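There are 4 protein chains.
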Amino acid sequence: MSLPDEFHDIAKRVNNWGRWGADDEIGTLNLITDEVVREAAATVRTGRRVPLALPLQQDGVQTGVIPGRVNPLHTMVQINQEIFGPGTVACSDDAVTMGLQAATHWDALTHVSHSGKIYNGRPASTITPHGGAGFSGIDKPRHIVSRGVLLDVARAHGTDRLDGGHAVTPEDLEAAEEFAGTTVRAGDIVLVRTGQTQAYLAGDKHGYAFPSPGLSVRTPEWFHARDVAAVANDTLTFEIFPPEIENLWLPVHALDLVEMGMLQGQNWNLEELSEACADEGCYSFMLSAMPEPFVGGTGTPVAPVAIL
Amino acid sequence: MSLPDEFHDIAKRVNNWGRWGADDEIGTLNLITDEVVREAAATVRTGRRVPLALPLQQDGVQTGVIPGRVNPLHTMVQINQEIFGPGTVACSDDAVTMGLQAATHWDALTHVSHSGKIYNGRPASTITPHGGAGFSGIDKPRHIVSRGVLLDVARAHGTDRLDGGHAVTPEDLEAAEEFAGTTVRAGDIVLVRTGQTQAYLAGDKHGYAFPSPGLSVRTPEWFHARDVAAVANDTLTFEIFPPEIENLWLPVHALDLVEMGMLQGQNWNLEELSEACADEGCYSFMLSAMPEPFVGGTGTPVAPVAIL
Amino acid sequence: MSLPDEFHDIAKRVNNWGRWGADDEIGTLNLITDEVVREAAATVRTGRRVPLALPLQQDGVQTGVIPGRVNPLHTMVQINQEIFGPGTVACSDDAVTMGLQAATHWDALTHVSHSGKIYNGRPASTITPHGGAGFSGIDKPRHIVSRGVLLDVARAHGTDRLDGGHAVTPEDLEAAEEFAGTTVRAGDIVLVRTGQTQAYLAGDKHGYAFPSPGLSVRTPEWFHARDVAAVANDTLTFEIFPPEIENLWLPVHALDLVEMGMLQGQNWNLEELSEACADEGCYSFMLSAMPEPFVGGTGTPVAPVAIL
Amino acid sequence: MSLPDEFHDIAKRVNNWGRWGADDEIGTLNLITDEVVREAAATVRTGRRVPLALPLQQDGVQTGVIPGRVNPLHTMVQINQEIFGPGTVACSDDAVTMGLQAATHWDALTHVSHSGKIYNGRPASTITPHGGAGFSGIDKPRHIVSRGVLLDVARAHGTDRLDGGHAVTPEDLEAAEEFAGTTVRAGDIVLVRTGQTQAYLAGDKHGYAFPSPGLSVRTPEWFHARDVAAVANDTLTFEIFPPEIENLWLPVHALDLVEMGMLQGQNWNLEELSEACADEGCYSFMLSAMPEPFVGGTGTPVAPVAIL
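Residue numbers (our numbering), protein chains in the order written: chain A, 39 to 346; chain B, 39 to 346; chain C, 39 to 346; chain D, 39 to 346.
No lab work stands behind these hints, which were simulated from the structure alone. Be aware that one or more of the hints could be misleading.
Which copy? The list can't say, so a pair holds if one copy fits it or any two copies do.
As the list claims (entries may be wrong) - Straight-line Cα separation of at most 20 Å, DMTMM-like style, residue types lysine to aspartate or glutamate; simulated pairs:
{"id": "1", "residue 1": "Lys-50", "residue 2": "Asp-265"}
{"id": "2", "residue 1": "Lys-50", "residue 2": "Glu-313"}
{"id": "3", "residue 1": "Lys-243", "residue 2": "Asp-97"}
{"id": "4", "residue 1": "Lys-243", "residue 2": "Glu-309"}
{"id": "5", "residue 1": "Lys-243", "residue 2": "Glu-73"}
{"id": "6", "residue 1": "Lys-50", "residue 2": "Asp-242"}
{"id": "7", "residue 1": "Lys-155", "residue 2": "Glu-120"}
{"id": "8", "residue 1": "Lys-50", "residue 2": "Glu-310"}
{"id": "9", "residue 1": "Lys-50", "residue 2": "Glu-215"}
{"id": "10", "residue 1": "Lys-50", "residue 2": "Asp-317"}
{"id": "11", "residue 1": "Lys-50", "residue 2": "Glu-259"}
{"id": "12", "residue 1": "Lys-155", "residue 2": "Glu-318"}
It should be emphasised that the depicted structure is a prediction, and the values quoted were computed from it without experimental measurement.
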């Protein structure tokens with residue numbers, strides 16, 4: 039099996055290899071300039087803050103279907119331990135084991151490869167068991183702060199939650215832009231809401247996972263044209279799953295991460311943000327979504343916050 | 039052994055139990071109002087961003103002396119795995135095990151207790167092995183974004199790194215305020231730089247841990263008087279270690295976390311920020327330091343970012 | 039709610055507290071004397087060895103219903119790493135995270151408590167987050183080698199697998215003894231086969247877990263009368279589940295572990311052993327089932343072997 | 039760099055590839071026949087049992103020098119939790135994270151490779167991040183029970199502990215055989231005692247690790263000539279470390295595991311066994327040393343027991 043011509047055609051059109059030099063490891067995050075950040079700060083009007091991470095807990099979004107992507111196992115290593123003797127100040131400490139892609143997370147550019155390559159044309163073999171991602175690990179983007187724009191596709195469609203078979207297209211994105219009264223600009227981080235999180239919040243983890251609405255294979259070209267810095271949404275798979283084209287699995291991942299060098303976020307909870315943006319009548323805001331700097335990580339949990 | 043009168047005297051003066059109601063679980067973070075955040079956003083002048091987290095890696099700051107507080111063990115669970123068949127898009131996934139207080143972190147208010155109590159007078163026994171912190175877990179502060187102020191005590195003293203025996207006093211903080219040309223305000227997050235991180239960055243983990251400069255037992259009253267929202271610094275122990283008063287261990291933890299209900303941050307890397315603030319001639323900035331929402335966690339890794 | 043009189047009546051009859059002294063931490067394992075072991079060795083006739091552990095893998099018997107009891111997450115930390123330079127001998131290393139009771143395991147005597155007590159009348163509060171079981175941890179039995187006897191209740195009933203509602207009674211055990219042509223003796227380790235493992239081996243993890251045949255609340259008295267050293271079986275819950283007496287949960291655990299001080303084994307794979315014993319016409323053998331000595335552990339994975 | 043001719047010469051002489059067929063995955067363990075096991079059982083004279091595993095605890099033998107090989111982190115996931123309601127039987131559960139080679143362990147045949155090959159000539163690339171060892175994983179030896187022989191080199195030399203620079207030679211092994219009054223036979227598991235464990239037991243972890251006495255590069259030929267089934271010793275590195283031949287690292291690992299297909303055990307505590315054998319005047323015994331069946335594991339913790 040190999041990837042179809044259709045995929046390779048799009049890949050050529052969105053490819054950013056070399057655009058920021060042969061040494062670049064962060065791709066479209068280069069588009070977040072100081073000026074973009076100044077303008078992001080200027081969008082803050084009310085000071086209202088909306089967190090976008092799901093709780094980190096063993097009853098997380100993973101169902102066990104993806105091998106090794108384990109929900110957080112949180113354990114206490116000491117509780118009210120009077121480590122300096124009886125009657126002294128007592129300490130509690132905890133530890134966690136979790137998959138870096140298990141919860142609300144960023145995929146690093148190295149989370150997928152295709153045809154033996156990762157972003158910027160480097161060999162996929164630079165990811166090793168010992169060191170993880172030798173290039174473009176999640177520790178490489180030093181900061182992710184920019185203007186965020188919520189494209190609330192579900193709300194723009196007049197629904198709480200898109201159908202499981204709904205591939206979000208460029209037309210959907212533009213309709214949501216119009217609904218928001220905001221134009222996506224270079225360096226923006228775009229949050230695409232499908233409403234799928236409602237299944238998880240209602241206790242239906244399997245329904246959340248599959249079938250899932252998500253981004254169409256046609257969206258990478260749209261993001262590329264707008265020079266978006268990163269995209270996140272409120273699904274487990276990011277892209278529509280099962281896929282639009284039979285036997286073409288994870289094409290959006292391959293186009294966004296490998297070809298374009300654009301970070302993807304998954305399992306972001308956009309429900310409260312949807313309410314807040316509707317309340318305020320404003321779909322752009324300052325967004326801080328700092329990766330935890332796992333050296334060589336191909337992903338990271340993230341606790342994003344929108345500041346309206 | 040019991041805590042000395044001197045401790046209890048200060049405790050009375052800084053106690054905030056009931057100040058935000060009997061149900062409150064977040065303490066001084068209540069001081070970060072929408073207005074404070076709007077003003078924080080208004081401090082952004084250049085758009086320059088400075089990350090404050092140390093890399094997450096097995097060669098982290100822990101030396102093994104604190105039982106159970108393990109440096110991150112990062113492992114790959116799959117590498118370039120063609121999960122949908124040969125020639126398809128390939129995935130890499132990773133997992134981690136780590137102590138929640140092992141790296142750059144926030145202590146939750148429940149990280150310490152004394153005399154059987156945690157913040158707001160609740161019993162320490164509400165922390166359990168199964169659920170962690172039943173109250174005031176690190177998942178309770180929904181967002182931590184505010185104005186940040188760097189009090190660069192080392193630079194104000196004209197040194198790169200304070201001596202191991204240097205207890206940072208209110209007088210030191212005020213001298214650093216004056217040096218910075220900034221007055222700490224209600225709702226600010228104060229970052230106190232000792233320069234101690236340089237030991238770790240130079241490869242001396244044991245020298246970083248101990249002996250360590252850090253906050254004096256006299257500082258909680260100063261933070262209380264200024265209505266500071268949270269404090270972080272660049273040491274393993276936060277407070278001076280070994281302590282100023284013989285056999286009075288971790289008094290600052292007990293006063294800040296239990297009595298005042300004020301979050302503490304430790305192992306923050308303030309070196310680059312120190313340079314940036316000196317360059318810009320400005321020691322206040324917007325700070326985003328979102329906790330990862332571990333349900334019941336008594337701490338969390340954090341990837342803070344200062345936006346100048 | 040409190041435990042019913044019926045439970046307390048049996049508890050009195052099987053109680054072994056003080057039998058081996060106030061300091062004892064291993065209970066009925068004291069019954070395995072050197073003589074018992076010599077006789078166990080003398081049962082070896084063919085030299086055939088049968089392993090009794092299920093494979094340790096992420097697709098293990100846990101379904102996620104028991105919080106925190108996670109299947110093994112096996113990860114590689116290095117693969118063919120030439121740590122001493124190119125062309126040198128290359129190393130592969132791995133790590134695991136798992137629940138100590140997740141797979142084929144021994145419960146330590148401390149795995150359950152009731153009415154605030156553990157075995158030998160010690161307070162349950164001697165189990166702590168920092169150190170685990172202060173007494174009767176799984177590191178305390180230094181060796182578990184004895185004569186094993188398979189009581190193949192399923193085969194004696196002429197079936198492959200007992201019904202989910204089948205409580206294995208003393209009469210069942212005696213019928214299986216008779217079927218085996220063996221009499222259980224003091225110091226023996228008794229393996230009780232229900233055939234329930236077949237559900238797991240056939241891919242039905244939920245059917246394996248529940249409903250499950252298992253030991254009746256009447257069996258502890260039988261084990262006590264025979265002075266059995268330990269008992270293991272081929273189910274997730276050991277005892278019949280749901281229980282025989284409404285609202286009396288885990289009575290067999292409480293009687294065996296707390297009152298009698300007798301170790302229990304769960305999730306043992308007795309299928310091959312059942313075939314081997316039937317082939318050989320012999321249901322007694324030497325059994326080695328060494329606990330991994332986790333200090334303070336309340337359980338341990340075990341890889342038992344029967345030597346026929 | 040490549041391996042020297044001297045290495046390749048020995049490799050040819052000890053190579054067992056194909057000896058048990060092209061499909062074989064367990065190497066010299068094939069030498070443990072039913073007859074060997076029957077004879078092993080017949081060595082049991084007193085019934086005395088001696089455990090050979092070091093305690094599993096965070097203060098284990100690892101010093102942090104070997105990346106990723108972490109000492110056990112044991113945590114409680116619930117303590118006396120009344121999961122079925124107040125007043126019911128209460129449960130305690132625990133979890134662990136550890137390196138599979140961190141404590142008393144068996145190396146799987148796949149723990150090392152050289153020149154791109156593992157045992158039986160298979161490609162080293164059959165070890166993968168997702169599945170671990172595709173061949174010769176530690177789950178493949180279904181049982182390890184045989185006659186054990188203690189070659190107490192330290193005691194035969196009249197010392198408690200060999201010097202750090204002492205390479206244990208075939209001559210040493212034969213002197214220990216003579217001292218023991220026992221001849222090593224085909225299928226035996228040989229335990230070689232250097233006394234090095236005493237450093238660890240005395241609290242000197244660094245002294246235990248390095249420099250370390252251990253097996254000479256000349257021993258694989260001796261083990262091959264005797265048709266030994268497996269060899270374990272009481273050091274961190276198994277072979278003398280630093281090595282006898284400059285820049286030839288881990289030659290014994292490569293010869294034993296890759297060429298001969300013979301399992302190695304490390305960090306075995308042979309101190310009590312040394313006393314017991316001296317007491318009994320008998321250096322052969324029954325040995326059970328069952329691997330935990332981690333699927334694809336390149337090693338496993340083991341809790342061996344000698345039955346005298």
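Hints, one by one, checked against the model:
no. : hint                 : verdict
1   : Lys-50 with Asp-265  : within (16 Å within a copy, 56 Å between copies)
2   : Lys-50 with Glu-313  : neither (38 Å within a copy, 42 Å between copies)
3   : Lys-243 with Asp-97  : both (9 Å within a copy, 18 Å between copies)
4   : Lys-243 with Glu-309 : within (16 Å within a copy, 34 Å between copies)
5   : Lys-243 with Glu-73  : neither (41 Å within a copy, 38 Å between copies)
6   : Lys-50 with Asp-242  : neither (39 Å within a copy, 46 Å between copies)
7   : Lys-155 with Glu-120 : between (53 Å within a copy, 13 Å between copies)
8   : Lys-50 with Glu-310  : neither (37 Å within a copy, 39 Å between copies)
9   : Lys-50 with Glu-215  : neither (26 Å within a copy, 54 Å between copies)
10  : Lys-50 with Asp-317  : neither (41 Å within a copy, 42 Å between copies)
11  : Lys-50 with Glu-259  : within (10 Å within a copy, 59 Å between copies)
12  : Lys-155 with Glu-318 : neither (44 Å within a copy, 41 Å between copies)
Against the hints set out earlier in the document, violations occur for numbers 2, 5, 6, 8, 9, 10 and 12.
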